[in-house]
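**Q** If you want the building blocks of each chain, they are given just below.
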Amino acid sequence: MFEKLIQKGLEKSAWLYHLNTGSCNGCDIELVSVITPRYDAERFGFKIAGSPRHADIIVVSGPITSQSRDRLIRTLAQVPEPKVVVSLGSCPRSCNVFNGSYCVEGPLDKYAPIDVSIAGCPPKPEAIMAGLVRAVEILKEKRRAMK
Amino acid sequence: MKFPYLKEAVKSLFSKPSTENFPKEVKEAPEGYRGKIVFHPDKCVNCGMCIRVCAPGAITRTIEKVEDGDKVTFQFYLGQCTFCQLCQDFCPRKAIELTKEYLMIAENEEDLMVRGTFIKKAPPKPPVPPVQPKPVAQNDQPKEENK
Ligand code: SF4
Ligand code: SF4
Ligand code: SF4
Chain A
1 MFEKLIQKGL EKSAWLYHLN TGSCNGCDIE LVSVITPRYD AERFGFKIAG
51 SPRHADIIVV SGPITSQSRD RLIRTLAQVP EPKVVVSLGS CPRSCNVFNG
101 SYCVEGPLDK YAPIDVSIAG CPPKPEAIMA GLVRAVEILK EKRRAMK
Chain B
1 MKFPYLKEAV KSLFSKPSTE NFPKEVKEAP EGYRGKIVFH PDKCVNCGMC
51 IRVCAPGAIT RTIEKVEDGD KVTFQFYLGQ CTFCQLCQDF CPRKAIELTK
101 EYLMIAENEE DLMVRGTFIK KAPPKPPVPP VQPKPVAQND QPKEENK
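Chains as they are written, first to last, in the UniProt record's numbering: chain A, 1 to 147; chain B, 1 to 147.
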């Protein structure tokens, strides 16, 4: 019985971990504004976790720079399954304007499969919320499939 | 005894929350917002200016030869676009438009593609001058030359 309750709680409250891999700070600021009272993503049960080991959803912003590449791989490996990788903005999806730079080793799907991508540069907070809600649905499916 | 913020607290009890009720009320983006790209293939003249000004290289073009001209396909990859609007500003025919739509959530690359195809008619061929029949060669000419 408690198991069911815990499962339901896990489904209703997904924890985010925000990983900045060399973003220009545009997307990061928009993600922070999502948890301000005006947009308040905590209505949907999101909480920003301080550690990747507590997270269900990884939000990656920025093209992967060569400095952050190893850290990205290490961080992603620490996230417990099932996890959902969300690419925030155009940068992780395709490196955006930084494509071809000597210090950029993106895009993100070289290192991890992207489950949801939110396009925009930066995306509006509403779009980020819609993307996160979609990520929660995928997380639910993944969790059911694992059982 | 004095309650410094009593008036404010009572007022807040009866006022509406400042949080936007996002999924139920989707707000329109402000004037001049640069969102999802819409391409009007009927207006495009295939000058290539948009490809030239696009910094991240989000626009690709494929040209196929068909009977009455070229079949041109423009492809805008929103996952690489930085929404700078330069393509719209530089397009001499106003064939590209950045709309106010901002909810661009995708699970695979294909959902982020905006495509448009049109057929660019080849210019009419100049009238062919009637070819004078060549004087018939003598039969006794040896045909070995072709061998
Ligand atoms: S998508 Fe745009 S706003 Fe976001 S990190 Fe990249 S360049 Fe900055
Ligand atoms: S808005 Fe800018 S980045 Fe996007 S397709 Fe047009 S020129 Fe390229
Ligand atoms: S600039 Fe405009 S007219 Fe020229 S190729 Fe691009 S869309 Fe077509």
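No lab work stands behind these hints: they were computed from the structure. Hints should not be assumed to be uniformly reliable.
List of simulated lysine-lysine pairs, DSBU-like, C-alpha gap at most 30 Å [stated by the list, open to error]:
#  : chain 1 : residue 1 : chain 2 : residue 2
1  : A       : LYS110    : B       : LYS36
2  : B       : LYS16     : A       : LYS47
3  : A       : LYS140    : B       : LYS125
4  : A       : LYS83     : B       : LYS36
5  : B       : LYS11     : B       : LYS43
6  : B       : LYS36     : B       : LYS24
7  : B       : LYS121    : A       : LYS12
8  : B       : LYS27     : A       : LYS12
9  : A       : LYS4      : A       : LYS142
10 : B       : LYS43     : B       : LYS134
11 : B       : LYS100    : B       : LYS16
12 : A       : LYS12     : A       : LYS142
13 : B       : LYS94     : B       : LYS134
14 : B       : LYS43     : B       : LYS125
15 : A       : LYS47     : B       : LYS27
16 : A       : LYS47     : B       : LYS36
17 : A       : LYS140    : B       : LYS24
18 : B       : LYS121    : A       : LYS47
19 : A       : LYS110    : A       : LYS4
20 : B       : LYS120    : A       : LYS142
21 : A       : LYS12     : B       : LYS24
22 : A       : LYS8      : B       : LYS24
23 : A       : LYS110    : A       : LYS147
24 : B       : LYS24     : A       : LYS83
25 : A       : LYS47     : A       : LYS140
26 : B       : LYS36     : A       : LYS140
The structure presented is a predicted model; accordingly, all values stated were derived computationally and were not measured.
**Q** All the hints need checking, so say for each whether the structure fits it.
**A** A quick look at each hint next to the structure:
Under the criterion of a C-alpha separation no larger than 30 Å, the hint pairing LYS110 (chain A) with LYS36 (chain B) is consistent with the structure, at around 26 Å. Distance check on the hinted pair: LYS16 (chain B) and LYS47 (chain A) sit about 24 Å apart at the alpha-carbon level, within 30 Å; holds. About 62 Å separates the Cα atoms of LYS140 (chain A) and LYS125 (chain B), which puts this hinted pair outside 30 Å; it is violated. With a C-alpha separation of about 29 Å, the suggested pairing of LYS83 (chain A) with LYS36 (chain B) holds against the 30 Å cut-off.
Restraint check for LYS11 (chain B) and LYS43 (chain B): the C-alpha separation of about 56 Å exceeds 30 Å, so the hint is violated. For the suggested pair LYS36 (chain B) and LYS24 (chain B), the alpha carbons sit about 21 Å apart, so the restraint of at most 30 Å is met. Between the alpha carbons of LYS121 (chain B) and LYS12 (chain A) the distance comes to roughly 57 Å, so the proposed pair goes past 30 Å and is violated. A distance of roughly 25 Å separates the Cα atoms of LYS27 (chain B) and LYS12 (chain A); the hinted pair therefore holds under the 30 Å criterion.
For the hint linking LYS4 (chain A) to LYS142 (chain A), the alpha-carbon distance of about 16 Å falls within 30 Å, and the restraint holds. A hinted pair counts as satisfied when its Cα atoms are at most 30 Å apart, and LYS43 (chain B) with LYS134 (chain B) does not qualify at roughly 47 Å. Only pairs whose Cα atoms come within 30 Å are accepted, and LYS100 (chain B) paired with LYS16 (chain B) is accepted, the gap being roughly 27 Å. Our distance criterion of 30 Å between C-alpha atoms is met by LYS12 (chain A) and LYS142 (chain A), whose separation comes to about 14 Å.
Distance restraint check for LYS94 (chain B) and LYS134 (chain B): the Cα-Cα separation of roughly 53 Å exceeds the 30 Å cut-off, and the hinted pair is therefore not satisfied. Between LYS43 (chain B) and LYS125 (chain B) the CA atoms are separated by roughly 23 Å; this keeps the pair inside 30 Å, and the hint holds. Proposed proximity of LYS47 (chain A) and LYS27 (chain B) is supported: the alpha carbons are some 24 Å apart, at most 30 Å. Distance restraint check for LYS47 (chain A) and LYS36 (chain B): the Cα-Cα separation of roughly 29 Å lies within the 30 Å cut-off, and the hinted pair is therefore satisfied.
As the CA atoms of LYS140 (chain A) and LYS24 (chain B) are separated by approximately 22 Å, the hinted pair is consistent with the 30 Å bound. Proposed proximity of LYS121 (chain B) and LYS47 (chain A) is contradicted: the alpha carbons are some 57 Å apart, above 30 Å. Taking the CA atoms of LYS110 (chain A) and LYS4 (chain A), the gap is about 36 Å. The hint is violated against a cut of 30 Å. For a cut-off of 30 Å, the pair hint linking LYS120 (chain B) to LYS142 (chain A) is broken: about 47 Å separates their Cα positions.
At most 30 Å may separate the alpha-carbon atoms for a hinted pair to count; LYS12 (chain A) and LYS24 (chain B) meet this at roughly 19 Å. Distance hint between LYS8 (chain A) and LYS24 (chain B) is fulfilled; the C-alpha atoms sit about 24 Å from each other, no more than 30 Å. A distance of roughly 28 Å separates the Cα atoms of LYS110 (chain A) and LYS147 (chain A); the hinted pair therefore holds under the 30 Å criterion. Simply put, LYS24 (chain B) and LYS83 (chain A) have alpha-carbon atoms about 28 Å apart, close enough for the 30 Å limit, and the pair holds.
The hinted pair formed by LYS47 (chain A) and LYS140 (chain A) meets the criterion: a straight-line CA distance of about 17 Å does not exceed 30 Å. For the given pair, LYS36 (chain B) sits about 29 Å from LYS140 (chain A) by alpha-carbon distance, which is consistent with the 30 Å threshold.
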